[in-house]
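> Start from the sequences and build out the full structure, keeping to the hints where you can.
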Amino acid sequence: DDVEDYESLKKILKNIDGVFHQAALTVVQDSFDKPKEYHDVNVVGTENIFKLAHKNNFKVVYASSSSVYGHKNNIPIKETESREPINPYGQTKLDDEYLVKKYSKMGVKIIGLRYFNIFGKGQTLEYAGVITKFLDRIKQNKAPIIFGDGSQIRDFIYVNDVAKANLMAMNCNESNLLVNVGSGRAISVLELANMMIKISGLKLNPMFTEALQGDIEKSHADISLAKRSFGWKPEITLQEWLNGTLK
Numbered sequence: 017d018d019v020e021d022y023e024s025l026k027k028i029l030k031n032i033d034g035v036f037h038q039a040a041l042t043v044v045q046d047s048f049d050k051p052k053e054y055h056d057v058n059v060v061g062t063e064n065i066f067k068l069a070h071k072n073n074f075k076v077v078y079a080s081s082s083s084v085y086g087h088k089n090n091i092p093i094k095e096t097e098s099r100e101p102i103n104p105y106g107q108t109k110l111d112d113e114y115l116v117k118k119y120s121k122m123g124v125k126i127i128g129l130r131y132f133n134i135f136g137k138g139q140t141l142e143y144a145g146v147i148t149k150f151l152d153r154i155k156q157n158k159a160p161i162i163f164g165d166g167s168q169i170r171d172f173i174y175v176n177d178v179a180k181a182n183l184m185a186m187n188c189n190e191s192n193l194l195v196n197v198g199s200g201r202a203i204s205v206l207e208l209a210n211m212m213i214k215i216s217g218l219k220l221n222p223m224f225t226e227a228l229q230g231d232i233e234k235s236h237a238d239i240s241l242a243k244r245s246f247g248w249k250p251e252i253t254l255q256e257w258l259n260g261t262l263k
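According to the working numbering, the sequence shown is numbered sequentially starting from 17.
Calculated directly from the structure, the hints in this document are not laboratory data.
Be careful, since some hints might not be right.
[Stated by the list, open to error] Estimated spans, in silico, between C-beta atoms of each pair: (1) 27 to 233: 39 to 47 Å; (2) 33 to 169: 37 to 45 Å; (3) 43 to 240: 29 to 37 Å; (4) 73 to 204: 41 to 49 Å; (5) 259 to 156: 16 to 24 Å; (6) 229 to 39: 19 to 27 Å.
[Said to hold, decoys possible] Below, in silico cross-link-like pairs of lysine-lysine (BS3-like), each with a Cα-Cα straight-line distance of 27 Å or less: (7) 88 to 50; (8) 27 to 52; (9) 26 to 94; (10) 88 to 249; (11) 158 to 121; (12) 149 to 50; (13) 75 to 94; (14) 117 to 30.
Using N, Cα and C, we set each Cβ at its ideal position, and we do this for glycine too.
Right, here's the structure in full:
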């Protein structure tokens, strides 16, 4: 069912204790071409869930995004940083956070998890992050392709750790939080490419192409609030996962 369809959601979201709301359009570059579609799914759809949470008294844990911050020089990024998204996708996630404020005042229990760069097995290439794209190239014995000069900083967080954050947020006593979910570790895209090539044992050099529109320069989470609020911390490091995947 479509999150934009309030009537169909109304039939499903009854007699429940909570909803994990992960539905969204997430491709930054596509959001420039389809801003209305992104708004309808990511904002209207999210408000539908919040409306029903208010009506039927359930808690919502939903996917926000580190993209709400935009360009930040002050890293690692704390939740108190200003929110200045630089692409339409990030703007939809900020609009959702304004809705959190509105519905929280009405007594709805909502926790928004600001995901940083999630990685893990099974990501499709269409929606994939840079790790999946690099893996795909390296497994074909091809050089990974870097957009821009590779100096962009990223914070990669394993999908299983993200799933645990969702469960812990739902089960905790906190009700109105917007909280970072990242690894708390920073790596540049060029360092990532070189790390993956090294682990693979192949003789490759990264290739460079033009930077992507709306690409954030520095993304690195301060994760102390998640630890304090519901005792979450990541357990699997990027290097560990790559070692298991590439060797």
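> Could you run down the list of hints and mark each one as holding or not?
Each hint tested on the structure:
For the hinted restraint 39 to 47 Å between residue 27 and residue 233, the CB-CB distance of approximately 44 Å keeps it satisfied. Under the hint 37 to 45 Å, the C-beta atoms of residue 33 and residue 169, about 38 Å apart, fit the expected range. A hinted range of 29 to 37 Å holds for the C-beta pair residue 43 and residue 240, which are about 30 Å apart. Distance hint for residue 73 and residue 204: a CB-CB separation of about 46 Å, consistent with the stated range 41 to 49 Å.
The given range of 16 to 24 Å is respected by residue 259 and residue 156, whose C-beta atoms sit roughly 20 Å from each other. At roughly 24 Å, the beta-carbon separation of residue 229 and residue 39 lies within the given 19 to 27 Å, and the hint holds. Of the supplied pair hints, the one linking residue 88 and residue 50 holds, its CA atoms being roughly 26 Å apart against a limit of 27 Å. Restraint check for residue 27 and residue 52: the C-alpha separation of about 26 Å stays at or below 27 Å, so the hint holds.
With a C-alpha separation of about 36 Å, the suggested pairing of residue 26 with residue 94 is violated against the 27 Å cut-off. As the CA atoms of residue 88 and residue 249 are separated by approximately 23 Å, the hinted pair is consistent with the 27 Å bound. As the CA atoms of residue 158 and residue 121 are separated by approximately 53 Å, the hinted pair breaks the 27 Å bound. The hinted pair formed by residue 149 and residue 50 meets the criterion: a straight-line CA distance of about 23 Å does not exceed 27 Å.
A C-alpha spacing of about 24 Å is found between residue 75 and residue 94, which places the hinted pair at or below 27 Å, so the restraint holds. Of the pairs offered as hints, the one joining residue 117 and residue 30 holds, with about 23 Å between alpha carbons and a cut-off of 27 Å not exceeded.
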